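**Q** Top to bottom, those sequences are chains A and B.
Here the first sequence stands for residues 201 to 436, where the numbers follow our numbering.
Here the second sequence stands for residues 201 to 436, where the numbers follow our numbering.
A few of these clues could be false.
All copies of an identical chain are treated as equivalent in the list; a pair is satisfied when it fits inside any one copy or across any two copies.
[Stated by the list, open to error] Below, in silico cross-link-like pairs of lysine-lysine (BS3-like), each with a Cα-Cα straight-line distance of 27 Å or less: (1) LYS393 to LYS268; (2) LYS318 to LYS250; (3) LYS238 to LYS417; (4) LYS250 to LYS207; (5) LYS238 to LYS393; (6) LYS268 to LYS417; (7) LYS393 to LYS433; (8) LYS433 to LYS250; (9) LYS238 to LYS318; (10) LYS268 to LYS360; (11) LYS238 to LYS360; (12) LYS360 to LYS250; (13) LYS318 to LYS393; (14) LYS268 to LYS238; (15) LYS360 to LYS393; (16) LYS433 to LYS238; (17) LYS268 to LYS433; (18) LYS238 to LYS250; (19) LYS207 to LYS360; (20) LYS393 to LYS417.
The set of hints was computed from the structure by calculation and includes no laboratory data.
Just so it is clear, the structure is predicted and the values come from calculations on it, not from any experiment.
There are 2 protein chains.
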Amino acid sequence: MQAMSIKALFFDVFGTLVDFRTGVAREAERILGAAGHKLDWSAFADAWRKEYQPALEDVRAGRRPFCKLDVLHRENLDRILPRFGVSNVAEDAARNLNLAWHRLPAWPDVPGGLARLKRRFLLAPVSNGNISLMVDLARRNNFPWDAILGAEVAGDYKPKPSLYLGACEAFDLPPADCMIVAAHTNDLLHAAKCGLRTAHVARPNEHGPGIGEAAPKAPVDIAAANLDDLAAKLGA
Amino acid sequence: MQAMSIKALFFDVFGTLVDFRTGVAREAERILGAAGHKLDWSAFADAWRKEYQPALEDVRAGRRPFCKLDVLHRENLDRILPRFGVSNVAEDAARNLNLAWHRLPAWPDVPGGLARLKRRFLLAPVSNGNISLMVDLARRNNFPWDAILGAEVAGDYKPKPSLYLGACEAFDLPPADCMIVAAHTNDLLHAAKCGLRTAHVARPNEHGPGIGEAAPKAPVDIAAANLDDLAAKLGA
Numbered sequence: 201m202q203a204m205s206i207k208a209l210f211f212d213v214f215g216t217l218v219d220f221r222t223g224v225a226r227e228a229e230r231i232l233g234a235a236g237h238k239l240d241w242s243a244f245a246d247a248w249r250k251e252y253q254p255a256l257e258d259v260r261a262g263r264r265p266f267c268k269l270d271v272l273h274r275e276n277l278d279r280i281l282p283r284f285g286v287s288n289v290a291e292d293a294a295r296n297l298n299l300a301w302h303r304l305p306a307w308p309d310v311p312g313g314l315a316r317l318k319r320r321f322l323l324a325p326v327s328n329g330n331i332s333l334m335v336d337l338a339r340r341n342n343f344p345w346d347a348i349l350g351a352e353v354a355g356d357y358k359p360k361p362s363l364y365l366g367a368c369e370a371f372d373l374p375p376a377d378c379m380i381v382a383a384h385t386n387d388l389l390h391a392a393k394c395g396l397r398t399a400h401v402a403r404p405n406e407h408g409p410g411i412g413e414a415a416p417k418a419p420v421d422i423a424a425a426n427l428d429d430l431a432a433k434l435g436a
Numbered sequence: 201m202q203a204m205s206i207k208a209l210f211f212d213v214f215g216t217l218v219d220f221r222t223g224v225a226r227e228a229e230r231i232l233g234a235a236g237h238k239l240d241w242s243a244f245a246d247a248w249r250k251e252y253q254p255a256l257e258d259v260r261a262g263r264r265p266f267c268k269l270d271v272l273h274r275e276n277l278d279r280i281l282p283r284f285g286v287s288n289v290a291e292d293a294a295r296n297l298n299l300a301w302h303r304l305p306a307w308p309d310v311p312g313g314l315a316r317l318k319r320r321f322l323l324a325p326v327s328n329g330n331i332s333l334m335v336d337l338a339r340r341n342n343f344p345w346d347a348i349l350g351a352e353v354a355g356d357y358k359p360k361p362s363l364y365l366g367a368c369e370a371f372d373l374p375p376a377d378c379m380i381v382a383a384h385t386n387d388l389l390h391a392a393k394c395g396l397r398t399a400h401v402a403r404p405n406e407h408g409p410g411i412g413e414a415a416p417k418a419p420v421d422i423a424a425a426n427l428d429d430l431a432a433k434l435g436a
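With these hints in hand, go ahead and build the complete structure from the sequences.
**A** This is the structure:
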């Protein structure tokens with residue numbers, strides 16, 4: 201691994217940097233619970249997330265024009281609420297609940313790890329989240345981004361090559377000088393096809409206790425236990 | 201002025217936050233001077249900048265597709281060098297000189313002023329400079345941006361409405377909740393037409409001693425002497 205040639209790190213966000221399952225469950229309990237609803241909040245978070253890839257695929261396949269992830273999240277929310285027996289949610293509450301994704305907590309190693317990595321590398325999220333969502337997560341969790349790249353800038357969703365290649369182009373760097381960091385082997389493999397370097401971060405509890413990628417499922421350039429381990433392996 | 205309604209500040213950069221005339225002259229002297237050239241470095245900076253608007257206009261008018269400002273700067277550099285009797289500049293030196301725009305110094309009030317404003321507002325550049333240029337200026341001068349917006353994200357150049365409106369949209373804010381900050385009345389008036397609030401910052405020496413807008417040339421929401429004065433007037 202020629203760490204010296206890497207100049208920029210691009211990060212997946214949902215699952216890799218923030219714990220969406222815990223965060224969404226907590227926000228749902230706070231907002232819907234206050235209205236008297238009692239559900240399995242973790243199952244609710246799982247159900248909401250499960251609608252994510254099919255919604256993205258409609259955009260990726262060209263069946264609908266690009267729209268922000270916030271819009272897709274809201275459609276998906278309206279789709280799953282009845283399945284949990286929840287109806288007549290006030291519009292203000294639904295809008296507030298949809299912003300749960302803007303208020304997700306970082307995994308504990310992330311703020312310190314990013315601060316350390318920033319001393320040596322350019323850092324940007326390359327996420328499917330829209331710009332305002334990324335900005336809100338950054339403000340809440342002290343993510344020291346150099347720029348917000350990803351879906352809203354590219355006008356498409358991962359794992360389309362335009363997201364990975366567009367991020368390299370925005371920083372005026374060849375793909376070989378850029379590394380994608382993700383807890384999802386699939387994301388890494390698509391980036392590798394575009395010529396980027398790859399770093400896997402273990403998030404063994406992403407989808408609940410023991411349900412997550414504790415290790416990469418295919419060869420990657422670096423396999424890290426967390427962002428501090430990644431920084432150490434990159435010499436940062 | 202209802203300062204309380206403002207949630208985001210969008211900044212012009214060249215002239216407003218950074219002193220491009222001094223910076224370009226210094227870099228030109230450093231790079232071309234080392235190759236034995238002796239010119240009026242400030243006149244050289246002025247000449248380079250003078251090619252800026254005509255180049256942007258080719259894009260704005262649709263006579264050529266959008267390309268990064270770095271590309272236009274390089275074309276303009278190649279155009280003016282012969283006028284100063286400079287030829288046979290090595291490609292490495294020309295490329296390095298073109299990056300002078302990535303290494304410009306901030307006006308002295310800017311880093312502290314932005315840090316103060318960041319406590320209360322979302323901050324982004326809405327500049328004609330490309331993303332990598334903005335990132336390099338931010339790293340060098342400690343600009344604490346929440347996101348990099350502007351020309352490269354919009355795919356067009358100011359003062360096209362898409363830059364101002366696209367910035368508001370990226371932050372999910374109505375234009376009335378956003379304020380553009382610039383040392384150029386023209387920029388402010390175009391943003392005001394899109395519904396944004398306007399703040400003028402005096403830069404009386406932008407184009408040389410005593411050559412710059414010491415005050416706005418038309419009514420604006422706030423006229424500030426510098427970014428600290430702007431922060432005070434916005435209650436930040």
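**Q** How would you label the pair LYS238, LYS250 (within, between, both, or neither) given a Cα cut-off of 27 Å?
**A** Classified as within; 20 Å inside a copy, 66 Å across copies.
**Q** Taking 27 Å as the upper bound on the Cα-Cα distance, should LYS393 and LYS433 be classified as within, between, both, or neither?
**A** within (23 Å within a copy, 51 Å between copies)
**Q** My question is about LYS238 and LYS417: at a cut-off of 27 Å on alpha-carbon distance, are they close within one copy, between copies, both, or neither?
**A** neither (37 Å within a copy, 60 Å between copies)
**Q** Which holds for LYS318 with LYS393 at a C-alpha limit of 27 Å: within a copy, between copies, both or neither?
**A** Intra 26 Å, inter 39 Å, cutoff 27 Å: intra-copy only.
**Q** Is it within, between, both or neither when you check LYS318 against LYS250 at 27 Å Cα-Cα?
**A** Neither. Shortest intra-copy (33 Å) and inter-copy (36 Å) distances fail the 27 Å Cα cut-off.
**Q** Using 27 Å as the alpha-carbon threshold, which applies to LYS238 and LYS360: within, between, both, or neither?
**A** For LYS238 and LYS360, the Cα distance exceeds 27 Å both inside one copy (39 Å) and across copies (50 Å).
**Q** Tell me, please, which holds for LYS207 and LYS360 at an alpha-carbon limit of 27 Å: within, between, both or neither?
**A** This pair counts as within: shortest intra-copy Cα distance 22 Å, inter-copy 33 Å.
**Q** Is the C-alpha distance from LYS238 to LYS393 at most 27 Å within one copy, between copies, in both cases, or in neither?
**A** Answer is neither: 45 Å inside a copy and 49 Å across each miss the 27 Å cutoff.
**Q** How would you classify LYS268 and LYS417 at a CA-CA limit of 27 Å: within, between, both, or neither?
**A** neither (30 Å within a copy, 38 Å between copies)
**Q** As a check of your reading, is LYS268 near LYS360 (CA-CA no more than 27 Å) within one copy, between copies, both or neither?
**A** both (16 Å within a copy, 23 Å between copies)
**Q** Checking an output row: LYS393 and LYS417, CA cutoff 27 Å. Within, between, both or neither?
**A** Cα proximity of LYS393 and LYS417: one copy only (16 Å, versus 53 Å across).
**Q** One pair to classify: LYS360 and LYS250, alpha carbons no more than 27 Å apart. Within, between, both, or neither?
**A** For LYS360 and LYS250, only the intra-copy Cα distance (20 Å) is at most 27 Å; the inter-copy one is 40 Å.
Of the hints listed earlier, those the structure fails to meet are numbers 2, 3, 4, 5, 6, 8, 9, 11, 14, 16, 17, in rising order.
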